[in-house]
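Quick mapping for you: the protein sequence lines, in order, are chains A and B.
Each residue of the first sequence is one higher than the one before, counting from 0 in numbering that gives the first Met the number 0.
Each residue of the second sequence is one higher than the one before, counting from 0 in numbering that gives the first Met the number 0.
Rather than coming from a laboratory, the hints here were simulated on the basis of the structure.
Check before you lean on any hint, since a few could be wrong.
No copy labels: a pair is met if it fits in one copy or bridges any two.
Below 30 Å or equal to it, Euclidean Cα-Cα: the simulated DSS-like pairs (lysine-lysine) are [claimed, not checked]:
| no. | residue 1 | residue 2 |
| --- | --- | --- |
| 1 | 200 | 48 |
| 2 | 225 | 48 |
| 3 | 305 | 48 |
| 4 | 227 | 74 |
| 5 | 200 | 74 |
| 6 | 72 | 225 |
| 7 | 225 | 297 |
| 8 | 260 | 241 |
| 9 | 10 | 225 |
| 10 | 3 | 200 |
| 11 | 241 | 69 |
| 12 | 3 | 241 |
| 13 | 145 | 74 |
Number of protein chains: 2
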Amino acid sequence: MSEKIGEQSIKFSEPPYIIGAASICGPKEAEGPLARYFDILSEDPTFGKNSWEEGESEMVRQAVLLAIQKANKRKEDIRYIFAGDLLGQLIASTFGVKDMDIPVFGLYGACSTCGESLSLAAMTVAAGYADHVVAATSSHYGSAEKQFRFPLEYGNQRPLSTTWTVTGSGAFVISNQIPDNEGEVCITGITTGKIVDYGVKDSLNMGACMAPAAADVIYQNLTDFKIKPGYYDRIITGDLGKVGKRILLDLLDSNHVDISKEHMDCGIEIFYNKEQDTHSGGSGCGCSAITLAGYILKQMYQGDWKRVLFVPTGALLSTVSFNEGQNIPGIAHAVMLERR
Amino acid sequence: MSEKIGEQSIKFSEPPYIIGAASICGPKEAEGPLARYFDILSEDPTFGKNSWEEGESEMVRQAVLLAIQKANKRKEDIRYIFAGDLLGQLIASTFGVKDMDIPVFGLYGACSTCGESLSLAAMTVAAGYADHVVAATSSHYGSAEKQFRFPLEYGNQRPLSTTWTVTGSGAFVISNQIPDNEGEVCITGITTGKIVDYGVKDSLNMGACMAPAAADVIYQNLTDFKIKPGYYDRIITGDLGKVGKRILLDLLDSNHVDISKEHMDCGIEIFYNKEQDTHSGGSGCGCSAITLAGYILKQMYQGDWKRVLFVPTGALLSTVSFNEGQNIPGIAHAVMLERR
């Protein structure tokens, strides 16, 4: 029987495995430092479709199907899809998975959605509700800028605190079977985040909005499981960027927790930030998802890292709430990955 | 151990109970036929706040706190909130629950979200991941029209196939404890819906978009559990309205399933459709949520109904997907309620 641990965590008695993972990305990511780890690299930001939104759905579709294929499963073997994206009413996910004939749970946790989907997928498999499920998330620079900020054609200036939304989709098959492919990585536990609101209102400084939530859930994970940061080889946040990373380390330090040796941020890794002009780093659901599916799992399969705390981070805003003067609260969900 | 049943269902070996339920509604619902069943009726459509969106968040906040109170629990007893609404990036739920200091799973299933949140809440409790969790959903006429259609000030004509988005929020405490209040209603099983796309493109005829998904999940529930419609005292869809109801009954009839005796639709019940000029009926996440929290549970507590299949129905669109010419697919999730 899986256990409730501490205040916000679950420890799985029979940890579900990631038996398939796939990543797809756009042209800018394909020129970044992690490019060689991604499965599908597209030179076309609309992925052969008519709009960014349709292109984002196409990424989701391809990532999900490839993850299932890499898991040596068929579509019919998948009992549920847990999917979400950044767009209003989740249209990227909806149109990406609608023809797959698989029951769907739609999720929204802003850029923390990859953590939310992996958490619910693992909970579902560990409870015996399904043998194999898919967790999928996506983001797209064009559709996200249109959704949250300005039309790209307007060419607004980007302050140095901004991050660049990653065009990409990552999908994972979570299963109660031991994988027969390159490595055995399982989800041993999760810590589900609360919404944390520090009163930040700047939608061009998402790192500052999300860092307090990341600090909160990382601290809670260490507390619930009674472990130190050194338990993990890496503690990897989703898309805090350089500004958010600094805040995260400071906040944890003020609670006497030092994760500076273990910390890595997908947003900082995914672009050559200076050369690619991405300022504080990459962001979006796709940022943490493809970094996990491509780079992080590879390091674990190779044996370089045994334990990773994966912490996608989300900023909870819409244009409506932003224009009405609301704050931008953050949320982050922690997923404990372990190579067996 | 809970069981996977058939292709899309779960049967809970220890069914979680609904130990607290609360409903809050706006002025139009307060003049409808179900008004006496709702807990909080407001004459102010902004619920004392500055905007429809803030008002919707206020409804969520009040509904969640009241449900917890009616369950004789404290906020600290709740391990997770499963919440969603219709607005882009779930701002109604986010700002409604952000100060509660409870871990949050954000969900989106359009107007099927009440079924999605109850399903995941029941799965979580039945698996032993939590003792008590909250499922909450909301919708608001003003915020939804602004989000999906025209500014209210524009005064567009509403064809007879339109439904009227309910201003309301319903919240439920799902628990592994037998309730000590008015009655014992539990969730014995769920059937999770697939996205069903019949190619409908009319955002002013949501019933037609959603009815195929409702037919699909009801048929699957009956098939997975090997039961006939008469097993239930009522099969209750969320917000098909009059147009959608006709399509639902026809579609099931063509599969040789007749639910005409058991079927009820929350959208048809919630307004005096002729007198209140709501055309095909009510709709929105709040429609099924407050009808369940208020009217349906009351009938079950009183002993009038023993078994209910509760099937909230959702239309998956955004203004972006709609304006780009996409179809409006539907989804529906079925929750099996039983009085013990």
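Structure-based check of all given hints:
1. When the C-alpha separation of residue 200 and residue 48 is checked against a cutoff of 30 Å, the pair qualifies only between copies, where the shortest distance is 19 Å, while the shortest distance within a copy is 35 Å.
2. Taking the closest pair of Cα atoms, residue 225 and residue 48 never come within 30 Å of each other, the shortest separation being 49 Å inside a single copy and 42 Å across copies.
3. In this homomeric assembly, residue 305 and residue 48 never come within 30 Å of each other (Cα to Cα): the closest approach is 40 Å inside a single copy and 50 Å across copies.
4. For the identical chains of this complex, residue 227 and residue 74 are inter-copy neighbours only, at 29 Å across copies versus 40 Å inside a copy, given an alpha-carbon limit of 30 Å.
5. For a Cα distance limit of 30 Å, the shortest separation of residue 200 from residue 74 across copies, 27 Å, qualifies, whereas the shortest one inside one copy, 43 Å, does not.
6. When the C-alpha separation of residue 72 and residue 225 is checked against a cutoff of 30 Å, the pair qualifies only between copies, where the shortest distance is 28 Å, while the shortest distance within a copy is 37 Å.
7. For the homomeric pair residue 225 and residue 297, the shortest alpha-carbon distance inside one copy (28 Å) is at most 30 Å, but the shortest distance between copies (45 Å) is not.
8. Taking CA atoms no more than 30 Å apart as the test, residue 260 paired with residue 241 passes inside one copy only; the shortest distance there is 15 Å, against 62 Å between copies.
9. Within a single copy, residue 10 and residue 225 get their C-alpha atoms as close as 12 Å, which meets the 30 Å cut-off; across copies the closest is 35 Å, which misses it.
10. Within a single copy, residue 3 and residue 200 get their C-alpha atoms no closer than 35 Å, and across copies no closer than 45 Å, so neither meets the 30 Å cut-off.
11. In this assembly of identical chains, residue 241 and residue 69 lie within 30 Å of each other by CA distance neither inside one copy nor across copies; the values are 34 Å within and 46 Å between.
12. With identical chains, the CA atoms of residue 3 and residue 241 are never at most 30 Å apart, being 34 Å at best within one copy and 45 Å at best between copies.
13. In this assembly of identical chains, the alpha carbons of residue 145 and residue 74 never lie at most 30 Å apart, being 33 Å within a copy and 38 Å across copies at closest.
When held up to the earlier numbered hints, the structure conflicts with 2, 3, 10, 11, 12, 13 and fits the remainder.
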